[in-house]
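Listed below, chain by chain, are the residues.
2 protein chains.
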Amino acid sequence: MSEAVIDLVVPTYDDMLAARDRISPHVTRTPVLRSDYLDELSGAELFFKCENFQEAGAFKVRGATNAVFGLPDRQMAKGVATHSSGNHALSLSWAAGRRGIPCNVVMPRTAPQAKKDAVRRYGGTITECEPSTSSREEVFAKVQARTGAEFVHPYNDSRVIAGQGTCSAELMEQTDGLDIVTAPIGGGGMISGTCLTLSRLAPEVQIIAAEPEQADDACRSFKAGRIIADDAPETIADGLKVPLKELTWHFVSRHVTDILTASEDEIVEAMKITWKHLRIVMEPSCAVPLAIILKNRDRFAGKRVGVIVTGGNVDLDRLPWMKGI
Amino acid sequence: MSEAVIDLVVPTYDDMLAARDRISPHVTRTPVLRSDYLDELSGAELFFKCENFQEAGAFKVRGATNAVFGLPDRQMAKGVATHSSGNHALSLSWAAGRRGIPCNVVMPRTAPQAKKDAVRRYGGTITECEPSTSSREEVFAKVQARTGAEFVHPYNDSRVIAGQGTCSAELMEQTDGLDIVTAPIGGGGMISGTCLTLSRLAPEVQIIAAEPEQADDACRSFKAGRIIADDAPETIADGLKVPLKELTWHFVSRHVTDILTASEDEIVEAMKITWKHLRIVMEPSCAVPLAIILKNRDRFAGKRVGVIVTGGNVDLDRLPWMKGI
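Residue numbers (full-length UniProt numbering), protein chains in the order written: chain A, 1 to 325; chain B, 1 to 325.
Accuracy of the hints is not assured; some may be wrong.
As the list makes no split between identical chains, a pair holds if one copy fits it or if it spans any two.
Unchecked claim - The calculated DSBU-like cross-link candidates involving lysine-lysine, where the alpha carbons are at most 30 Å apart (straight line), are:
| hint | residue 1 | residue 2 |
| --- | --- | --- |
| 1 | Lys-303 | Lys-272 |
| 2 | Lys-276 | Lys-115 |
| 3 | Lys-116 | Lys-295 |
| 4 | Lys-223 | Lys-276 |
No lab work stands behind these hints: they were computed from the structure.
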């Protein structure tokens, strides 16, 4: 029901440039890290774009900030709203807090306490729903009707995709040419932003999306030529469970070179390798690109590969290699 | 016995400049990270210089690389040697590997397996000793006599201190002026390098060293006006158990503003806060500066504070907040 109000205009390269100007006072120009050890292990030259270092911990602040700061003044009092159990909820709350406007978030009551705490710390208001699509849509429709807030979808939103596209623009400036850019794919917001930017800025760069085997709906969609959505897939890469939507399918179907998958064990192993050798805290979702690189050595060896590290909001008391959790 | 051969010339600012030129092709210019959250928590503006992102995982590559690449060609065949159970052993092995010369390391047989593995991966040769000073000195003297290797002390070495001094030179370039620089203190190599550089480059900057309460020999030395060395202190900040020596005492006694201490619990808490909000993997030792900042809010609030994050080689299976270890 609520989905009907989404602005489904396909964003353009100029929208990305406008987003860059709009968000640059607010968003961190994250560093690119290297590791000789990981280069040796992969046979490639890897450039890790560390979006986990964004203040709210994820690339999602780019799209959220673009949406929030692009709102007309007349909408300020009513603010923004979204449904998300993860980094988009945090990021939209954070961006709204910076502009001083209300942010209403519908979250499943089962969402991690740490994420709820962060939303509130940034000034967001949480309305809880049951952990089902029907409950979420019903509760969200009520919240939106009551508040008149502008809906900012986590990824199926032109403003959000244009914002995410600023990441690969920075990455290209920070490196001296790349052969491949790889990022995890869930709903496809980051990959779509990457397509938007690189298809114009550096069309020779391959875009390879990385997905958990256990939530491989984007991979199957890519092969089938149409969106396939799974019902509640289970993977440790909890940011990647959501399906593609119209706008992200637009970009994925036109500009993505390939979608490769990795098993749960391969993801955890790649996560631990990165923590140990790159010495960054990142989410399981961010490890999927390194997992597919190590699994498909022939495909990446000898190449200059940009790896987008999407987020770093993890529960340090429940790391996947800890015993008995 | 072996200590007699150390070159105890006090390094100069020009030595630091020469070190910078010598090591810059090898050593990472590490990024400076910020966090609004940590700024709010501390009331200060914090600039984290992330030496944990060095390839070998610690600032110690700066001093080690300066020593290794400053060796005359005639010494190349005999190489370098040291005794260390920690990051200096890794860093010297790594630097020697880059120059293609032998590196002999005397390590206690009880040193962590991960550290031994890393030394070997970088091409170093390990000779084990018992975990006592007498055994270490005896074994090291034999190794040095047999190999003719150049001894590179972990910190009581002019070349090493000049190398460590390059870190704060970078930090000053990367920030727009600082009021205070803080770093952990163990043997005092990083603090001495910081003193060497800042006493000339920015003498108005206060240098505040951070030490575990349970290994507070540097703090007591500072107050007593002479070196006090403890026998085997116990602290989670395992890089900070060693005592000051002549050269580091020279700098500490002349240029350090103060030495503040933190308890084990305060260190673990600061470590977890940093992992969570800065999203970096760092050692317990690196958390001591944030621990003293949060403990002495009045001292740091309103100030621009550079925090040197010294290293990131931790055992991910044995994090201090994990239960039952």
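Here is what the structure says about each hint:
In this assembly of identical chains, Lys-303 and Lys-272 lie within 30 Å of each other by CA distance solely inside one copy; the values are 23 Å within and 36 Å between copies. Taking identical chains as interchangeable, the C-alpha atoms of Lys-276 and Lys-115 lie at most 30 Å apart whether they share a chain (25 Å) or sit on different chains (12 Å). For the homomeric pair Lys-116 and Lys-295, the shortest alpha-carbon distance between copies (28 Å) is at most 30 Å, but the shortest distance inside one copy (35 Å) is not. For the homomeric pair Lys-223 and Lys-276, neither the shortest alpha-carbon distance inside one copy (35 Å) nor that between copies (38 Å) is at most 30 Å.
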